[in-house]
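Peer 1: Chain by chain, the residues:
2 protein chains.
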Amino acid sequence: MIDRLIEKIKVTENPSVAGIDTSFEYLPEEVKEKCSSLADAAAAITDFNAELIESLYKIVPAVKVQVAYYEMYGVAGMTAFEKTLKMAKEKGLIVISDVKRNDIGSTAACYANAYLGSVNIGKKRFTAFESDFITVNAYLGEDGIKPFVNACKENDRGIFALVKTSNPSSGQLQDRVFENGETLYESVAALVENWGEPLKGKYGYTDVGAVVGATHPKQAERLRKLMPHTFFLVPGYGAQGGTAKDLTVCFDGKGLGAIVNSSRGIICAYKSDKYRGMSVGKAAAAAAEDMREDINKALKNR
Amino acid sequence: MIDRLIEKIKVTENPSVAGIDTSFEYLPEEVKEKCSSLADAAAAITDFNAELIESLYKIVPAVKVQVAYYEMYGVAGMTAFEKTLKMAKEKGLIVISDVKRNDIGSTAACYANAYLGSVNIGKKRFTAFESDFITVNAYLGEDGIKPFVNACKENDRGIFALVKTSNPSSGQLQDRVFENGETLYESVAALVENWGEPLKGKYGYTDVGAVVGATHPKQAERLRKLMPHTFFLVPGYGAQGGTAKDLTVCFDGKGLGAIVNSSRGIICAYKSDKYRGMSVGKAAAAAAEDMREDINKALKNR
Numbered sequence: 012m013i014d015r016l017i018e019k020i021k022v023t024e025n026p027s028v029a030g031i032d033t034s035f036e037y038l039p040e041e042v043k044e045k046c047s048s049l050a051d052a053a054a055a056i057t058d059f060n061a062e063l064i065e066s067l068y069k070i071v072p073a074v075k076v077q078v079a080y081y082e083m084y085g086v087a088g089m090t091a092f093e094k095t096l097k098m099a100k101e102k103g104l105i106v107i108s109d110v111k112r113n114d115i116g117s118t119a120a121c122y123a124n125a126y127l128g129s130v131n132i133g134k135k136r137f138t139a140f141e142s143d144f145i146t147v148n149a150y151l152g153e154d155g156i157k158p159f160v161n162a163c164k165e166n167d168r169g170i171f172a173l174v175k176t177s178n179p180s181s182g183q184l185q186d187r188v189f190e191n192g193e194t195l196y197e198s199v200a201a202l203v204e205n206w207g208e209p210l211k212g213k214y215g216y217t218d219v220g221a222v223v224g225a226t227h228p229k230q231a232e233r234l235r236k237l238m239p240h241t242f243f244l245v246p247g248y249g250a251q252g253g254t255a256k257d258l259t260v261c262f263d264g265k266g267l268g269a270i271v272n273s274s275r276g277i278i279c280a281y282k283s284d285k286y287r288g289m290s291v292g293k294a295a296a297a298a299a300e301d302m303r304e305d306i307n308k309a310l311k312n313r
Numbered sequence: 012m013i014d015r016l017i018e019k020i021k022v023t024e025n026p027s028v029a030g031i032d033t034s035f036e037y038l039p040e041e042v043k044e045k046c047s048s049l050a051d052a053a054a055a056i057t058d059f060n061a062e063l064i065e066s067l068y069k070i071v072p073a074v075k076v077q078v079a080y081y082e083m084y085g086v087a088g089m090t091a092f093e094k095t096l097k098m099a100k101e102k103g104l105i106v107i108s109d110v111k112r113n114d115i116g117s118t119a120a121c122y123a124n125a126y127l128g129s130v131n132i133g134k135k136r137f138t139a140f141e142s143d144f145i146t147v148n149a150y151l152g153e154d155g156i157k158p159f160v161n162a163c164k165e166n167d168r169g170i171f172a173l174v175k176t177s178n179p180s181s182g183q184l185q186d187r188v189f190e191n192g193e194t195l196y197e198s199v200a201a202l203v204e205n206w207g208e209p210l211k212g213k214y215g216y217t218d219v220g221a222v223v224g225a226t227h228p229k230q231a232e233r234l235r236k237l238m239p240h241t242f243f244l245v246p247g248y249g250a251q252g253g254t255a256k257d258l259t260v261c262f263d264g265k266g267l268g269a270i271v272n273s274s275r276g277i278i279c280a281y282k283s284d285k286y287r288g289m290s291v292g293k294a295a296a297a298a299a300e301d302m303r304e305d306i307n308k309a310l311k312n313r
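For the protein sequence lines, the chains are A and B, in the order given.
For my numbering, add 11 to where a residue sits in the first sequence, where the first one is 1.
For my numbering, add 11 to where a residue sits in the second sequence, where the first one is 1.
In isolation and in its complexed conformation, chain A is listed as follows:
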């Protein structure tokens, strides 16, 4: 799976991903005014996402869809989530479901079925929320991650495990130092690199990637060295404060090895001073093109 992501990044010349994390609050006022139920809200979000995807699919290689923004609108919201994944897939985009799932082995297997695999009902197979990649949390250790890794292997999919997150308090536990001098995030990094080992693609990266925040460049630089075969999903650019220069350390010498996410910076671009007056889709496309240029320039100038 990681090879397909890398090839798509090469074709679009764009190591960035648009985060389709559509809160109802982000919609234009005139759309919001017409909504009075969860079903209304979910339908409006789906339409908004359709415009985004139509405008972005030639610019970005992938979308990241944060499920929390859909869960809060209930079953209707999950319908919008399902439709958003399908629309993105139909346009040839790589779909990353940002779900950060985690549990004991038997339950992790259910989550793996939901996003990366399938379930059998009678003689038919169904995939609930078909995704190319999902994010996972490794706090439970190996037997909580193995069902996801197995699903990657069986179905040619990928995961990104949380290693060093982009939020301000990520250091509270992740930067703590163990007796042997290794931090928690470094320990998780070693496990992730190891879990991916049997799933290496032709570019040297594996289907088991890592989430590494753009807001912590020192740790990201360290992780790039510790995890030579692990592809990074990099949140924290833009709205969270990470700059293109900060995140160049996430890439390898060939300019590969990472994909950078921006959510609000792209999907809410139509509300910003810079793109004001443009439609939702046009503003998102312009913001995504500006992001691509920003990151590629930083990579060239490092």
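Mixed in with the good hints there might be a few duds.
Any copy will do: because identical chains look the same in the list, a pair fits if it lies in one copy or spans two.
[Stated by the list, open to error] SDA-like, lysine to any residue: derived pairs with alpha carbons at most 20 Å apart:
1. K94 x A50
2. K135 x S48
3. K282 x G192
4. K134 x A55
None of these hints come from the bench; they were simulated from the model.
None of these values were measured; they are calculated from a predicted model.
Following the hints, complete the assembly by docking chain B onto the known chain A.
Peer 2: Only chain B this time, still in chain A's reference frame:
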């Protein structure tokens, strides 16, 4: 919220919770045979759960519903999840949604809205998947947990944060020792105890609980001392190998402080040798009563 759970435990004289983690595979053969779509499966699961809840609501104080078992059946599965929470609530049961959600602050706030709070659409407020408690994962540190704690405060709800999980590999990271001699699980325990401090109820416990596995009695005993105001949700009894004797260390001197989960042991009781021949509901009720007796006896004899 924690006071309501404790009072319900006292009324039922039962510090245990039934885990309604209904895989389609657990249903009777004659039910499964009639299903050929996700909608069929979800409807059959809902009916199965209705029978369970009807049989259990006078015996157990609470149900724990593991969302992974519903997510794998897609939008239809999430409808079954929503209905199951509602049925349990209508019967007066305390509802624990086992979702282990985690993310950066702004996204954690969406999850908090989904399960413990509400969203506004027009002039109306909606709660997606209304729960009394949810489980959360603290790997991201304080700002990933605060939105949940705030929702607990605002809406009188509770959370259980993963501290020491019940799975075999939980020690891989959780038992690792930091420079200051403290393990990772002890560090998380200290944070959890601290986060709960402003939300203490009349029995001395707070709305911020901890998940502590029955399968690791040594660590559980240590945690009971480190977290005097933290209520424990204890998985791992029965199918996972934890015995009633093992988990007595999770309780305080008054026999309070913990609630023990059993899922397959109760909902699949109708398939076991011990309860064979009984209906799904009768077998579940008998298994839940046996579990209550087993735990209360172990507490009396410690």
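Peer 1: Are the hints correct? Go through all of them and say.
Peer 2: Status of each hint after checking the structure:
Taking CA atoms no more than 20 Å apart as the test, K94 paired with A50 passes in both settings, with 13 Å inside one copy and 17 Å between copies. Proximity of K135 and S48 under a CA criterion of 20 Å is satisfied inter-copy only: 8 Å between copies versus 34 Å inside one chain copy. In this assembly of identical chains, K282 and G192 lie within 20 Å of each other by CA distance neither inside one copy nor across copies; the values are 46 Å within and 50 Å between. Taking identical chains as interchangeable, the C-alpha atoms of K134 and A55 lie at most 20 Å apart only when they sit on different chains, with a minimum of 16 Å there against 35 Å within one chain.
In summary, the one numbered hint that this structure violates is 3.
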